[in-house]
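Top line first, the protein sequences correspond to chains A, B and C.
If you're matching positions, the first sequence starts at 32 in this note's numbering and goes up one per residue.
If you're matching positions, the second sequence starts at 14 in this note's numbering and goes up one per residue.
If you're matching positions, the third sequence starts at 351 in this note's numbering and goes up one per residue.
Don't read these hints as lab results, they were simulated from the structure.
Treat the hints loosely; a few may be bogus.
Claimed, not checked - Think about it this way: if two alpha-carbon atoms lie no more than 20 angstroms apart in a straight line, the pair counts; the simulated PhoX-like pairs of lysine-lysine are:
hint : chain 1 : residue 1 : chain 2 : residue 2
1    : A       : K45       : C       : K378
2    : B       : K70       : C       : K498
3    : B       : K191      : B       : K47
4    : B       : K47       : C       : K378
5    : A       : K78       : A       : K201
6    : A       : K45       : C       : K459
7    : B       : K191      : A       : K78
8    : A       : K164      : A       : K203
9    : B       : K205      : B       : K32
10   : A       : K200      : A       : K78
11   : B       : K47       : C       : K555
12   : C       : K565      : C       : K555
13   : B       : K205      : C       : K378
Claimed, not checked - Restraint ranges, calculated between C-beta atoms of paired labels, are given here:
hint : chain 1 : residue 1 : chain 2 : residue 2 : range
14   : A       : P219      : B       : K205      : 54 to 64 angstroms
15   : B       : K246      : C       : A513      : 24 to 34 angstroms
16   : C       : R461      : B       : D214      : 38 to 48 angstroms
17   : A       : A62       : C       : D561      : 33 to 43 angstroms
18   : C       : E474      : B       : I216      : 54 to 64 angstroms
19   : A       : A62       : C       : G397      : 55 to 65 angstroms
20   : C       : Q551      : B       : K246      : 12 to 22 angstroms
As the list claims (entries may be wrong) - Computed far set for chain B versus chain A, every beta-carbon distance over 12 angstroms:
hint : residue
21   : N34
22   : K75
23   : P80
24   : E98
25   : Q141
26   : D143
27   : K224
28   : K234
29   : F249
This structure is a prediction, so every number in the text was calculated from the model and none was measured.
Beta carbons: idealized from backbone N, C-alpha and C, even for Gly.
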Amino acid sequence: MSMKKNYVVETIRKAQMMDMLEKGKRLDGRALDEPRKLTIETGIIQKANGSARVSLGNSQVIAGVKIATGVPFPDTPDKGLLVVNAEILPLASPYAEPGPPSEEAIELARVVDRGIRESEMVDLTKLCLVEGKSVVTTFVDCNIMNVDGNLFDATSYAVVAALRTSKMKKYKVEGDKAVSTDEVVPVPIERTPISVTMARLGGAVIVDPDAEEEAMMDMRITITTDDDGNICASQKGEASTISPELVLKAADTSIQVGRAIRSQMVEATR
Amino acid sequence: METEKKLMDEDGNRLDGRKWNQLRPIRLEVGVVKNADGSAHIEWGKNKITAAVYGPKEVHPKHQVLPDRALLRSRYHMAPFSVDERKNPAPSRREIEISKVIREALEPAVVVEDYPRTAIEVWVEVLQSDGGSRVAGITAASLALADAGINMRDLVVGCSCGLLGEHVVADLDDTEDKEGNGDMPVAIMPTKGLVTLLQVDGIYTRENFQKAFELAIEKGKEVYAMQREALTKRFFSSDLTSGPIEEEAA
Amino acid sequence: MPIVERKQVIPGDVIARGDHRYGPFVEKVGDDYIALRIGLAEVGADGVKLNPLTGPYLPRADDEVIGKVVDMNGFGWVVDINSCFDGFLPASFVFGREFSPATHDLSSKFRVGDIIGARIESFERSRDPQLSIRGQGYGKMDSGELVKISPTKVPRLIGRRGAMINMISERTGCDVRVGQNGVVVVNGQPEATTKAVTAVQMVEKEAHAADLAAKVEQYLGSGGDGN
Chain A
32 MSMKKNYVVE
42 TIRKAQMMDM
52 LEKGKRLDGR
62 ALDEPRKLTI
72 ETGIIQKANG
82 SARVSLGNSQ
92 VIAGVKIATG
102 VPFPDTPDKG
112 LLVVNAEILP
122 LASPYAEPGP
132 PSEEAIELAR
142 VVDRGIRESE
152 MVDLTKLCLV
162 EGKSVVTTFV
172 DCNIMNVDGN
182 LFDATSYAVV
192 AALRTSKMKK
202 YKVEGDKAVS
212 TDEVVPVPIE
222 RTPISVTMAR
232 LGGAVIVDPD
242 AEEEAMMDMR
252 ITITTDDDGN
262 ICASQKGEAS
272 TISPELVLKA
282 ADTSIQVGRA
292 IRSQMVEATR
Chain B
14 METEKKLMDE
24 DGNRLDGRKW
34 NQLRPIRLEV
44 GVVKNADGSA
54 HIEWGKNKIT
64 AAVYGPKEVH
74 PKHQVLPDRA
84 LLRSRYHMAP
94 FSVDERKNPA
104 PSRREIEISK
114 VIREALEPAV
124 VVEDYPRTAI
134 EVWVEVLQSD
144 GGSRVAGITA
154 ASLALADAGI
164 NMRDLVVGCS
174 CGLLGEHVVA
184 DLDDTEDKEG
194 NGDMPVAIMP
204 TKGLVTLLQV
214 DGIYTRENFQ
224 KAFELAIEKG
234 KEVYAMQREA
244 LTKRFFSSDL
254 TSGPIEEEAA
Chain C
351 MPIVERKQVI
361 PGDVIARGDH
371 RYGPFVEKVG
381 DDYIALRIGL
391 AEVGADGVKL
401 NPLTGPYLPR
411 ADDEVIGKVV
421 DMNGFGWVVD
431 INSCFDGFLP
441 ASFVFGREFS
451 PATHDLSSKF
461 RVGDIIGARI
471 ESFERSRDPQ
481 LSIRGQGYGK
491 MDSGELVKIS
501 PTKVPRLIGR
511 RGAMINMISE
521 RTGCDVRVGQ
531 NGVVVVNGQP
541 EATTKAVTAV
551 QMVEKEAHAA
561 DLAAKVEQYL
571 GSGGDGN
């Protein structure tokens, strides 16, 4: 998949946007630190262990969780596997094309994966069945269904919602083999990481940029926080600089904005 | 026959309680992907499929340009979570073949001559797969093309029939497809009465072949009525459209 | 005013039979006139006509369009005209015949992102449409609110002899420019602009409604300032 960056923002829209930003507002009426409307539906794919459809404004992502058993990595023999993949479907945007994942899609999947993994959202040690031999493998695949900016957060929220509502077979160990039982248990969720992406346009820093704002941003930063306000992952994007002060300010914004989103997430995935 | 007994009881009821000629529940919605020029979502049994159309648009790479008509592109793709065992996201041989037959099922209905030197892209994404996903995909894709406002001679609608033992039945679900004795996906242009897709597997007597084939066409027309309804809902939703309306600019 | 019954059609529907004249989006097969689009069909003095409710913009010579400059090369500007083909505005149409890539700076006239009003100078099936900005009111638009509607609904937005667009413009005090390609630019006081934009979107959403003009009129109210 490749996303050609050929979205040109009209000069008159740019001028309007800059005018508004100076007044602390955005074209769609949002405050600078205000994310778009977030909707979370879960359990939409019955064949998946867990699933969610998340819309952040007009960006839409479907995440599906598939759980099976497999062999652990040699360097983590006592931990289950958790893999996050993302595909920007060609149906999601006039600029997306079919084919192997582009740089953008791979960065997207890795940044989302990092937030989930580093926050220790899922207790992977509980997914070890027979050390060094058999573990639970959890694949979270994300289908980007409509692109309108900030896929990082939309995808991350879809993954978190799908995992929080995932159910898996309970396994028991017979000898050095893991056997599935009829009992169904939730995935061992420990924390709820929330990523918040900010963009810099002109001088202003805004939360949750839409496609038009992304086309004009010169810097992007994603910061993921956990339930206790710890920072667990981050990614700075675009070929420009950021001052240390701004990084710290962005961290504060992420903690604060993340708190409200986390409440909504927990409520929607209870 | 043992499979037959399992898939159909003495009274001719199937595992999910359907009669031999009964369709699974179908739900259609047009205009579901915001960025697309046209789109539709179909739920047919457990199938959940979204189709979107982009175009007519410029052709890249340029050497693929057709001087006298549009280039129709298609992709049928299954989400990794759409099946019981996670599917590798890279396209399989099966998906590549289905992409091709879907394109060839749709193209007769599209007036490609009206859009020379352009591309029309049809993307079919299977979010959850059940029996008959290709005919469900075609049904949704043709709605997406109509929604995009591409000139079409007709819609295209599909339905699959098959065999449970020696019995012809309509619209196989996943289990019937895997454990039954034959599957026959058919797509038609319903107002023209012409067939645009036919694939057959299984062993059919001449009589059963005709019965299954004709049943697929008959059931396709039933699905066509739902396609009409979905388009009406999207485009003529207020009841003010009938009756006289004032003139507009020429 | 001729009043004609309109019929809701989808592709493949038979609109009429027999011997009629017929317009675009209709195909004759044997005796049948077949709809090629979703829309409202009518059979009247002009023959079989289909007003589609959805579809792309296909350029026609002499159409007025509003486009966005998306690229420049030594010889002119590439303009996105909301169609399957990009428009091309040759630099010689702007600088005159003495244009030379060596002496003239294209970006002094239009830059990428600029919105321009233009006319389709020529369009053949084998070449991309050529644009011209000769004539009054064409060229760069420096301000305004952009709205995109389906190009198939432009005739409804303009209305009979401009009735609809004039009403929106007069009642809000805004300048409303409509491109045949479905791009609309509204200029006016902020609140009036919002009102005019909403009215344009209303036409787009309810283009199939029989009492559209009355609905829009009711929304706009009678005030000249849009309040």
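For each hint, the structure was consulted:
1. A:K45 <-> C:K378: violated (48 angstroms)
2. B:K70 <-> C:K498: holds (18 angstroms)
3. B:K191 <-> B:K47: The given pair, whose Cα atoms are some 36 angstroms apart, is violated under the 20 angstroms limit.
4. B:K47 <-> C:K378: violated (34 angstroms)
5. A:K78 <-> A:K201: holds (17 angstroms)
6. A:K45 <-> C:K459: Within the cut-off at roughly 18 angstroms; holds.
7. B:K191 <-> A:K78: holds (16 angstroms)
8. A:K164 <-> A:K203: Satisfied, since the Cα-Cα distance of roughly 14 angstroms is no more than 20 angstroms.
9. B:K205 <-> B:K32: violated (28 angstroms)
10. A:K200 <-> A:K78: holds (14 angstroms)
11. B:K47 <-> C:K555: holds (15 angstroms)
12. C:K565 <-> C:K555: Between K565 of chain C and K555 of chain C the Cα gap is close to 12 angstroms, so the pair holds against 20 angstroms.
13. B:K205 <-> C:K378: holds (13 angstroms)
14. A:P219 <-> B:K205: 54 to 64 angstroms: holds (57 angstroms)
15. B:K246 <-> C:A513: 24 to 34 angstroms: Hint holds: Cβ distance 30 angstroms, inside 24 to 34 angstroms.
16. C:R461 <-> B:D214: 38 to 48 angstroms: At 59 angstroms between Cβs, range violated.
17. A:A62 <-> C:D561: 33 to 43 angstroms: At roughly 39 angstroms between Cβ atoms, D561 of chain C and A62 of chain A fall inside 33 to 43 angstroms, so the hint holds.
18. C:E474 <-> B:I216: 54 to 64 angstroms: holds (55 angstroms)
19. A:A62 <-> C:G397: 55 to 65 angstroms: At roughly 56 angstroms between Cβ atoms, G397 of chain C and A62 of chain A fall inside 55 to 65 angstroms, so the hint holds.
20. C:Q551 <-> B:K246: 12 to 22 angstroms: The hinted range 12 to 22 angstroms holds for Q551 of chain C and K246 of chain B, with Cβ atoms some 20 angstroms apart.
21. N34: Holds, since 26 angstroms exceeds 12 angstroms.
22. K75: holds (15 angstroms)
23. P80: At roughly 23 angstroms from the nearest Cβ of chain A, P80 of chain B sits farther out than 12 angstroms, so the non-interface label holds.
24. E98: Violated, since 7 angstroms does not exceed 12 angstroms.
25. Q141: violated (5 angstroms)
26. D143: violated (9 angstroms)
27. K224: Since the minimum Cβ distance to chain A is about 32 angstroms, K224 of chain B lies beyond 12 angstroms and the statement holds.
28. K234: The assertion about K234 of chain B holds, with a minimum of 28 angstroms to chain A.
29. F249: holds (25 angstroms)
The structure shown violates the earlier hints numbered 1, 3, 4, 9, 16, 24, 25, 26.
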